[in-house]
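A.B. asks: One letter stands for each residue in the lines below.
2 protein chains.
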Amino acid sequence: MGPAHCTEKKEDRVCYAYDAAASAYLPDAVVFPQNAKQISEILKLANEERFAVIPRGAGSGMTGGSVAVRRGVVLVMTRLNRILNIDKNNLIAFAEPGVVTGHFHKAVEQQGLFYPPDPASSEFSTLGGNVAECAGGPRAVKYGVTRDYVLGLEAVLPTGEIIRTGVRTAKGVVGYDLTRILTGSEGTLGVITRMTLRLLPLPETIKTITAFFDKIDAAAETVSEIIRHRIIPRTIEFMDNASIRCAENYLNIGLPTEPEALLLIEVDGTEAETASAVNALELLCLSLGAARVETAKTKADAANLWKARRAVSPALFQYGPHKINEDIVVPRSNIPDMVRKISELRDKTGLFIASFGHAGDGNIHFNIMLDKKNKTELEKADAAVDALFDYTLELGGTISGEHGVGITKSPYISREIGSAELHLMKKIKVVFDPGGILNPGKIFPE
Amino acid sequence: MGPAHCTEKKEDRVCYAYDAAASAYLPDAVVFPQNAKQISEILKLANEERFAVIPRGAGSGMTGGSVAVRRGVVLVMTRLNRILNIDKNNLIAFAEPGVVTGHFHKAVEQQGLFYPPDPASSEFSTLGGNVAECAGGPRAVKYGVTRDYVLGLEAVLPTGEIIRTGVRTAKGVVGYDLTRILTGSEGTLGVITRMTLRLLPLPETIKTITAFFDKIDAAAETVSEIIRHRIIPRTIEFMDNASIRCAENYLNIGLPTEPEALLLIEVDGTEAETASAVNALELLCLSLGAARVETAKTKADAANLWKARRAVSPALFQYGPHKINEDIVVPRSNIPDMVRKISELRDKTGLFIASFGHAGDGNIHFNIMLDKKNKTELEKADAAVDALFDYTLELGGTISGEHGVGITKSPYISREIGSAELHLMKKIKVVFDPGGILNPGKIFPE
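Chain order of the listed sequences is H and U.
When we follow full-length UniProt numbering, the leftmost residue of the first sequence carries the number 1, and every step to the right adds one.
When we follow full-length UniProt numbering, the leftmost residue of the second sequence carries the number 1, and every step to the right adds one.
For reference, chain H alone in the conformation it holds in the complex (with noise of 0.2 Å):
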């Protein structure tokens, strides 16, 4: 690749030694590719001189999945970067796994098309890492999640051959699923180096509605009374009242502080269609005990309160320099389950914790802030977590919705996946990667 594309440098390795799960582990050296070759002979040489390497894309993940645990290689995909091809005849595209996901929905926006995913980090987040991730995205309550936009990948496997995998049509079933079971195989099966993503017609309109509720009980039955009244949304995102002040705190756009919990709903279509459910929705929210139900009147006013959404996430650390953050999912009927078991381990630990997230498809994102230096508050955190993933898995839900295992969640894993099935995802990563060179020491407890 060049020296230019290449560095041992401290200085270097230090900025590719974190992504956003905070822990920083040094790799040897940083290498750019820009294409598949180039990435064949990395991972061909990796087998011959066994070391590690890591693919990352923008280091946006939550989990640590792009980190070097084991040292080695960080393969930053930053520079394959091309939309190859928007195919409106076909609605379909071809693109490179570092365009940013962000670039990518205005690309397609532009012609009239849709591309659903949405991760809170899509203005810097890649389309690649978003695959490897399988990420979601408060838009999957009506769209899903990537997996349902992947059809086909080009990637290089572990081993240095590059494989094509999939289909660019709408349906198509010639031999095993390669496809997805890449997608969301967090980097450890194949690096990805193009893909074929399936698009939408972009909907006519979107309306945004928030409403404000007094009790979070009441905002919690609110959202799974919305999926029973089989009304679904484009997105039923939730804030608990310490995400909505920290989100006022830190941006000042005018939200209520007093609210115990505030719901922004979001539905898509026609005109007719949009002013029909929003009808529906003020008045369910209003009738299940909403004290007050807005509509966004201008796509100003919208853009507003998604500002306040998305801000969250990094406001958080105002209340203190660590961040624990989990994304469990319950089936949505238990969302006021969940939200009750939240507020006793607050109330039990005195830990400062803020939930919010795509309550629409029952994902929380559950955060303690805290100071790891504090061993009594991190040994109450991490009991508060464990707590919180064993009541997820009684009610039927899953560890991650979204983020991944990584490191930070491979300690759980096998609460919730048996020893039959992990032995068999374990056997999986072999026949992909013989020589344990691609991202080792992720997902799988040692």
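Some hints could be false.
All copies of an identical chain are treated as equivalent in the list; a pair is satisfied when it fits inside any one copy or across any two copies.
[Said to hold, decoys possible] Using 35 Å as the maximum straight-line C-alpha spacing, the simulated DSBU-like pairs for lysine-lysine come out as follows:
| no. | residue 1 | residue 2 |
| --- | --- | --- |
| 1 | 37 | 88 |
| 2 | 426 | 37 |
| 3 | 348 | 372 |
| 4 | 215 | 88 |
| 5 | 426 | 44 |
| 6 | 373 | 106 |
| 7 | 341 | 88 |
| 8 | 106 | 142 |
| 9 | 142 | 373 |
| 10 | 307 | 142 |
| 11 | 37 | 427 |
Hints in this document: simulated from the structure, not taken from any laboratory.
Quick caveat, the model's predicted, so the values are computed rather than measured.
Since the structure of chain H is provided, determine the placement of chain U on it from the hints.
C.D. replies: Same frame as chain H, but now just chain U:
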């Protein structure tokens, strides 16, 4: 399982020797298990004694996926036929694999819910078979295929372990995606014993349009033009003149037999939405050369049209004792090219060729009716299929949209799937089935 659920009688074995691909392979025995534990014991025994086990739903598969090509024991799954729960609050259902798809449709629709996958065989095919093949159907244009509705599975591995995969929630990314590697694996990686399926709210209204075209090219162009206008009907079905005549001959429902092609288009949604979509579609079809466009006035009229569409496949046997039936898919914008190619092949070979199918997603069912005892006809037909597959792949398509590979397409798989990818798939097969006892002789060419 007791002698009542296990038979070695020749007359029973003959009944389970075939599927809809119509090649017979006599198994050594037929068993009718009732639960996962029995299946586990059978599979363990099969590994000890080295006999083949072939899972089978209703035997309606089109590619020989459930026939006993290496003898052994046919595992008939139809006694596992309970719908365990339809959860309206979370829009999911739990079901056993032997449930007939059409029964499941009715059961969820009675509760105002909707399970979109609708293979033409849905009145007799089973959910388990649908998952094993990743069945599609007309509604895939808008709603996707079976894969998009499988959240989780219980399955018995070929080695006898009972595993649970996936989640019951809308999101979930813990570990590798075993759910989707099992889906579409054609009964070669595990025996599905329970499914968690995603449901949608039942659309309020459905409207059905028929557009008749004097020129087949105009019909094909209309399909891609609809998508280009970013209208996504729930179905866009296509029938060529041979298919129209065939259905009319069989049913006598008054279809005009002169048009070169018809499109059967359905839209769903609210009353207002469907009304405006029908309007737009009528204008579009007429502007692109439709001679006549009709909207079904009653549910009975619409049902009649679907009866005609579904009758084509069985009714084709009026034109020859044997059928060669391929389910190629091409990018939607290439449907006109494919339609021209099929006309060329018809002119060149003089064979009876009918094509129809799910044009909305580029999935065309190409049927040659012939007498296989006539060697000249058979050679011509084989050459036509050969040319068709090559052209399909040249256009960026796939040789199977929903029927799978089974035995009838395994000689062709390496035209679509590269050797590194095939090698990987075979190694995955060995991980799941080291003894090679589950449904051997399928998918991979010998």
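A.B. asks: Check the structure against each numbered hint from earlier and tell me which ones fail, lowest number first.
C.D. replies: As far as the earlier hints go, 6 and 9 are violated by this structure, in ascending order.
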